[in-house]
Amino acid sequence: MNTSRNTSPNFYVIGDVQGCSDALTRLLVQIPVDADVWFCGDLINRGPDNLGVLRQVRDLGVRARVVLGNHDIHLLGVAAGVREAGRLDSISDILNCPERDAWLDWLRQWPLAHYEQGVLLVHAGVLPQWSLAQTLKYSQEAQQILSADDYVEQLKTLFGSSPNRWKNTLRGAERTRAIINAFTRIRVCDAQGAMDFQFKGELPDVPEGLIPWFRVPSRKTVNQPIIYGHWSALGLHYENNTVCLDTGCVWGLELTAYHYPSGETISVPAML
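Just so you know, the sequence shown maps onto residues 0 to 271 in numbering that gives the first Met the number 0.
It is possible that some hints are incorrect.
Quick list of the computed label-pair ranges, beta carbon to beta carbon [what the hints assert, rightly or not]:
hint : residue 1 : residue 2 : range
1    : Gln116    : Asp58     : 19 to 25 Å
2    : Arg170    : His258    : 40 to 46 Å
3    : Ala172    : Ala193    : 15 to 21 Å
4    : Ser261    : Gly234    : 16 to 22 Å
5    : Gly80     : Pro8      : 41 to 47 Å
Worth flagging that the hints you see were computed from the coordinates, not collected in a lab. By construction, the Cβ of each residue, glycine as well, lies at the ideal position given by its N, Cα and C atoms.
Turn these sequences into a full structure, and let the hints steer you where they fit.
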């Protein structure tokens, strides 16, 4: 984990890599060596070389910033024996490698939200009823649990889709589960911020009564620049001070880096 940072006003944010190590290699060589590199989460899973991705990110040293995504947390659950690997999962290279525990420990130290240079980085989104201060506070709450020595025991209660509505009075596992789901799984919600975890399609197909989280009129972070990934059907998308960077590399499309502050992008194809 990055523990001694030289903050650079010049950084690039990379979307969901998901084990596409070759594409990441080709993208990183186009990024200046003096620029920090942020990652939107889901470093691993579904792609062919998860370990290759983890090594490249680790080797960036203090230049790297990472937030956890749903696939990263899924890996922790599978490794802990509280989740079953799915049919499309490709995480066996991590689970079977001699450095397995070291990689799991490295991964679980990263937060769910990162704020620097006035920019907020998350994997999936932010609940509309959360302010920036609340967003960072709740990220810290969850990070303390995921990075704790007893995290395996905690993971037993942290998967599931309930509750889907945030209340400040939530406590214990329900509170942590709602926080993790908001940061790593949200795409759409209702006008009051109740999360829906079923819809994964394109914007024109959002079901009636649901709204992309970044379009909720009362969103408290509407003036806060936010960069996120997760929603591959959305692709590269700019709206309401947010940028989506999941350009579907693991589905054969592209891996994209967004430069801050210029807004310029660099993309490489998934496969040469």
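Just tell me: holds or violated, for the beta carbon distance of Gly80 and Pro8 against 41 to 47 Å? At roughly 44 Å between Cβ atoms, Pro8 and Gly80 fall inside 41 to 47 Å, so the hint holds.
Verify the CB-CB distance for Arg170 and His258 against the hinted window 40 to 46 Å. Since Arg170 and His258 have Cβ atoms about 41 Å apart, the given range 40 to 46 Å holds.
Just to be sure I understand the hint, the distance between the Cβ atoms of Ser261 and Gly234 should be within 16 to 22 Å; is that true here? 20 Å, holds
Range hint 19 to 25 Å (beta carbons of Gln116 and Asp58) holds or violated: At 23 Å between Cβs, range holds.
Using the Cβ atoms, figure out if Ala172 sits within 15 to 21 Å of Ala193. Holds, at about 19 Å.
When the structure is compared with the earlier hints, no violation turns up for any of them.
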